[in-house]
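S.K.: Okay, here's what each chain looks like letter by letter:
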Amino acid sequence: MSGTGPDVTTSHPRIEVTVSENQSSPEIEVRIAARPDHLSVLRAVAADLAMRADFDLDAISDLKMAVDEACATLISRANSPEDQLVCGFAVEADQIHFTAHAPTSSPAAPSRESFGWRVLSSLTDSANTWVAPGDDGVPVLRVDLVKKRLGSVGQ
Amino acid sequence: MSGTGPDVTTSHPRIEVTVSENQSSPEIEVRIAARPDHLSVLRAVAADLAMRADFDLDAISDLKMAVDEACATLISRANSPEDQLVCGFAVEADQIHFTAHAPTSSPAAPSRESFGWRVLSSLTDSANTWVAPGDDGVPVLRVDLVKKRLGSVGQ
Amino acid sequence: MTDNNNTSITLAVREVSPEVAVISIGGEVDMLTAPELREAVDRAIDSCRALVLDLNAVTFLGSAGLAVLVETSHEANRRGVPLRLVASSRTVCRPLEVTGLTEVLSTYGSLDEAVAAAV
Amino acid sequence: MTDNNNTSITLAVREVSPEVAVISIGGEVDMLTAPELREAVDRAIDSCRALVLDLNAVTFLGSAGLAVLVETSHEANRRGVPLRLVASSRTVCRPLEVTGLTEVLSTYGSLDEAVAAAV
Ligand SMILES: Nc1ncnc2c1ncn2[C@@H]1O[C@H](COP(=O)(O)OP(=O)(O)O)[C@@H](O)[C@H]1O
Ligand SMILES: Nc1ncnc2c1ncn2[C@@H]1O[C@H](COP(=O)(O)OP(=O)(O)O)[C@@H](O)[C@H]1O
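Residue numbers (our numbering), protein chains in the order written: chain A, 1 to 155; chain B, 1001 to 1155; chain C, 2001 to 2119; chain D, 3001 to 3119.
Take these hints with a grain of salt, some might be off.
Stated by the list, open to error - Here's a subset of chain D near chain B, in silico, CB distances under 7 Å, partners left out:
(1) E3028
(2) D3030
(3) M3031
(4) S3063
(5) V3098
The hints are simulated quantities; they were obtained by calculation from the structure and are not laboratory data.
Note that the Cβ used here is the ideal one computed from N, Cα and C, for glycine as well.
Please work from the sequences and hints to get the whole structure.
M.R.: Quick look at the structure:
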């Protein structure tokens, strides 16, 4: 694995993640109301990008599932369906880097032992989630995923 | 045609358009670098939304083509590939309302006599484009399209 | 089945032989549509001797959908009702494999095989 | 044809009978990929007696792609080279119809018909 991108396999956010969040906006940013009926558009974006980045069919399916799972978690923990869910997709040399965040009603990050998070981790090469105060002090839940074109997942 | 949404068939922007631009953000906003390789993701979003809004296959195809044409125009008239192209999709009762804008290097809006604009107009129920100064005084090119679920287009 | 098959999943329920119910599921099974699947399955399991879920027209299967399958499997075990899944597309098999559910659930390559096994 | 068929269009050029060239085009023909199509068509038209463009594997046809077809048609007229399009999918026929190009271009439902007409 050449690993030119950020490596965020640890369970606490590392510097790279924060830098990547704050640097010039990701290539593609999608903002939606935090509602389950918008999940399919995020899957469509993930699939289109992975396809064009020459991911194989299993890797495309994995990324769709991981993005869906991450955003379903953000939506279910948002304060209201009017909250905004912001997703960033960056197509990097050998991987797609996905970040997402939304305001949250729970001050704690989702358990890493839950079924959903275990699935998500098994589908990606790196997965991380944490809560941090947003600009206005409201807690914001963040998810950061990396899926490599030729990853070690399910091969 | 019941026409509950904004009617922007005139060639100059009307109040409704401006209101719609400035009101609480559209349901789905996609921001990309103004580069042709990102057109396919916008088509994917348009197709997913139109499909879920029960548009028929011709109407889905028309919306994809109109969104593609609008964004290709915005990209070709941007100052640089680093400029940001911002697209908004709103799924309304009987139509999808698409808005897009990007900084432009040409102070004039695209000719309505061009092949591209004629195609775009023929594919949508309403199409409009104009240049207005942005926040920082830089000219911004805007496009506003409405595609009805049961439109008069190509029926 | 509903006309509105783009905003939700499609669910076709039928009895292929006495008390063997087949639910054919189409579309994207996610957080939005899983409750609908759950309801249809709960209703069917109440009145059948064997249940077949045909997943071949499913175009996305997320963890909310997987959870319905797992819970249905538990419920079917409790009742002694055989549960058989039809799964041959990559779209459906990949999530089942990645989550290890192919070990736990009985999956078949075709509806005929699943029905034959269920009877 | 290239391995890299997701980031661009696929173009397969072959001669079906002496000096009758067929270009089979796959993928999305848009602002990004139209120049590639243009180049392949320009190269083929230089050395053939008749040209068939098989559009059946095209998954998107935007105005940049339509412009290539129109310009190729003009060039083919100038040279006296018959140009035939194979277009049967809705994805391809819809843009041709909406823009009125079916009136101007010779389209056929199958490759065999187009080749037969081109010879
Ligand atoms: N191995 C598994 N495969 C599929 N579904 C499972 C599995 N384990 C748990 N589930 C389902 O996922 C749901 C949530 O499980 P759980 O581990 O408690 O996580 P969570 O905290 O996300 O609720 C449960 O409804 C359960 O049926
Ligand atoms: N009716 C038409 N059908 C298809 N393509 C056309 C048609 N008219 C013009 N074009 C193509 O579109 C391109 C642009 O045409 P033009 O009307 O000059 O508009 P623009 O201002 O967008 O360049 C030209 O290259 C031409 O080949």
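S.K.: State for each hint whether it applies.
M.R.: These are the hints, each one checked on the structure:
Interface restraint check for D:E3028: the shortest CB-CB distance to chain B comes to about 6 Å, inside 7 Å, so the restraint holds. Checking D:D3030 against chain B: minimum C-beta separation of about 5 Å stays under 7 Å; hint holds. The restraint placing D:M3031 at the interface with chain B holds, with a minimum CB-CB distance near 4 Å, inside the 7 Å limit. The restraint placing D:S3063 at the interface with chain B holds, with a minimum CB-CB distance near 5 Å, inside the 7 Å limit.
The beta carbon of D:V3098 comes within 6 Å of a beta carbon in chain B, closer than 7 Å, and the hint placing it at the interface holds.
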